[in-house]
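**Student:** For the protein sequence lines, the chains are S and C, in the order given. Quick note on UniProt numbering: the first sequence kicks off at 1 and runs consecutively. Quick note on UniProt numbering: the second sequence kicks off at 1 and runs consecutively.
FYI, nobody ran anything at the bench for these hints, they're computed from the structure. Check the hints yourself; a few may be wrong.
[What the hints assert, rightly or not] Below, a list of computed lysine-lysine pairs in the BS3-like style, where the Cα atoms sit at most 30 Å apart:
#, chain 1, residue 1, chain 2, residue 2
1, S, K171, C, K171
2, S, K252, C, K171
3, S, K171, C, K252
[Said to hold, decoys possible] Pair ranges (Cβ atoms, derived):
#, chain 1, residue 1, chain 2, residue 2, range
4, C, T124, S, E234, 32 to 40 Å
5, S, A50, C, D217, 24 to 32 Å
6, C, R211, S, N68, 49 to 57 Å
7, S, E199, C, A20, 53 to 61 Å
8, S, G99, C, E82, 47 to 55 Å
9, S, S24, C, G54, 45 to 53 Å
10, S, S24, C, D90, 28 to 36 Å
11, C, S138, S, S123, 57 to 65 Å
Idealized CB from N, CA, C, for every residue including glycine.
Read off the chains here:
Number of protein chains: 2
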Amino acid sequence: MPDSARVAQRILDPADPRIAAFVSIRERDLTGRHNRFVAEGTVVLRMLAASAAGGGPFTAEAILLLENRMAGVADILAQFDETVPVFVADAAVFNAIAGFDMHRGVLAIGMRQRPQTLEGLLSTLPDEALILAACGLSNHDNVGAIFRNAAAFGASAVLLDETCCDPLYRKAIRVSVGAVLAVPFVRQGTAADLLAAIEGRGFALWGLSPRGRTDLDDIPPAPRTALVVGAEGEGLPTAILAAIRTARIRQKPGLDSLNVATATGIALHRIASLNGRV
Amino acid sequence: MPDSARVAQRILDPADPRIAAFVSIRERDLTGRHNRFVAEGTVVLRMLAASAAGGGPFTAEAILLLENRMAGVADILAQFDETVPVFVADAAVFNAIAGFDMHRGVLAIGMRQRPQTLEGLLSTLPDEALILAACGLSNHDNVGAIFRNAAAFGASAVLLDETCCDPLYRKAIRVSVGAVLAVPFVRQGTAADLLAAIEGRGFALWGLSPRGRTDLDDIPPAPRTALVVGAEGEGLPTAILAAIRTARIRQKPGLDSLNVATATGIALHRIASLNGRV
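All chains, full assembly: derive it from the sequences and hints.
**Tutor:** Below, the structure is given as structure tokens:
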């Protein structure tokens with residue numbers, strides 16, 4: 001392909017139909033629509049490019065840049081297929097499109113090229129694996145933060161039940177610093193469905209709960225461990241707490257429990273250290 | 001005092017001057033004004049009452065409740081001095097005052113009754129203590145989350161440099177689940193000033209950094225430990241990293257570092273466990 005394919009198309013009019021997908025982007029939730037999502041910022045664009053170039057499930061449908069960001073992301077743009085259009089605008093036009101003062105100046109409409117199935121995800125896990133299963137996480141910040149922690153501590157996959165919010169929601173991707181695009185995940189079924197799918201695959205299952213029976217520091221090493229977490233406040237369903245081993249993070253009594261993302265980070269760090277994953 | 005002193009004053013008009021301090025509360029930042037702050041929700045109100053009743057530095061200047069919350073917080077209200085006015089309104093008036101649909105229905109204007117000095121705070125620390133010093137934390141969520149973690153892991157105090165945002169900001173208090181009102185803190189000076197004040201008090205000083213020289217798990221026990229953290233991205237100033245011992249949290253290479261509140265939670269958990277504080 002000629003180099004000219006990578007040349008950005010200049011946008012002069014915020015109403016230009018070519019960039020309609022970027023209009024008032026903060027008010028949009030694209031996630032329900034054909035597996036599209038909003039990727040913001042250089043770091044997230046880099047993760048999106050890595051997925052696209054590395055055979056991952058995600059790529060960009062279109063990219064919109066503030067003109068002074070072009071040079072800084074040239075190496076990232078080169079990783080996308082030549083057919084992905086790149087648009088560029090000055091600050092006034094860019095902000096008029098986005099609908100707010102978007103200092104980062106880097107936006108993409110991402111797309112999931114193919115769905116990830118639970119069976120497909122589980123069957124490709126390595127012999128040594130740490131996975132995270134979560135249910136009832138309805139807060140985008142927490143879901144994003146949990147993916148960030150999952151990536152930091154080398155989790156192989158994240159399984160979300162259908163009551164969790166979509167990690168491809170704009171704010172969750174941003175809070176995850178792009179980890180949502182790097183750690184394989186599914187979001188489907190109930191927590192019980194997810195645990196049933198894990199069963200028989202050699203995972204040591206550990207539910208995290210303030211009332212857990214084992215101290216986190218006493219979890220034994222295992223080639224495959226699945227950490228199971230529930231929503232803040234409610235925690236894991238009683239049926240799940242009764243069915244699997246449970247671990248607690250020691251803390252001062254009489255206080256609200258830890259934030260779920262922080263608790264998950266502490267537990268993933270411990271289990272990853274224990275099993276030599278980090 | 002007669003029980004009638006605790007009877008709530010009913011507000012029928014959102015423009016009633018008695019509740020002027022609660023108008024459009026989400027848009028206000030009271031923190032700069034005479035040490036006032038906004039406390040939202042039952043849990044935070046309970047922490048405020050505990051401070052007021054327990055000789056702590058905080059109390060309420062006024063309390064505004066949705067009428068159906070009155071019964072649920074009666075025990076909390078009883079902890080405040082009888083002179084603290086309690087106002088009550090129905091949902092329409094309450095939301096018109098607050099400026100948004102405030103489901104929690106529990107608001108207070110808090111006040112700091114007396115300033116906390118750095119010297120005063122340090123001189124009253126117990127012989128066995130864990131304290132946290134932070135610099136450059138400009139994000140209210142992170143500051144709130146750090147206080148929540150400090151409380152959960154039994155930290156005796158939090159020292160913030162003057163470039164940190166005010167933990168008495170509405171959102172920081174909310175994210176901390178009231179821990180800002182429970183863990184003694186100061187916010188003043190530079191990070192170097194704070195460390196100079198700690199010096200000579202028998203604290204093992206540990207800076208947390210992705211490039212720390214000691215694995216977090218290898219920090220030795222000590223009766224008094226001070227954990228020092230910097231802003232996400234920039235991290236701790238080079239001069240501080242050079243002057244004190246530093247610890248790192250093992251994680252996958254090549255990624256953005258952990259969220260600063262999560263990293264602080266992991267480190268506080270480890271140090272608190274190590275020293276038998278939790």
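**Student:** Hint by hint, note whether the structure agrees.
**Tutor:** We went through each hint and held it up to the structure:
A hinted pair counts as satisfied when its Cα atoms are at most 30 Å apart, and K171/S with K171/C qualifies at roughly 17 Å. Proximity of K252/S to K171/C is assessed by CA-CA distance (about 23 Å); at most 30 Å being required, the pair is judged to hold. For a cut-off of 30 Å, the pair hint linking K171/S to K252/C stands: about 23 Å separates their Cα positions. For the hinted restraint 32 to 40 Å between T124/C and E234/S, the CB-CB distance of approximately 38 Å keeps it satisfied.
For A50/S and D217/C, the Cβ-Cβ distance of about 30 Å falls inside the hinted range of 24 to 32 Å, so the restraint holds. Range check, R211/C to N68/S: Cβ separation about 30 Å, and the 49 to 57 Å hint is violated. Between E199/S and A20/C, the C-beta spacing of about 60 Å keeps the proposed range 53 to 61 Å intact. Under the hint 47 to 55 Å, the C-beta atoms of G99/S and E82/C, about 50 Å apart, fit the expected range.
Here the CB-CB span from S24/S to G54/C is close to 49 Å, well matched to the stated 45 to 53 Å. Under the hint 28 to 36 Å, the C-beta atoms of S24/S and D90/C, about 35 Å apart, fit the expected range. The hinted range of 57 to 65 Å is not satisfied by S138/C and S123/S, whose Cβ atoms lie roughly 45 Å apart.
Consistency with the previously given hints fails for numbers 6, 11, ordered from lowest to highest.
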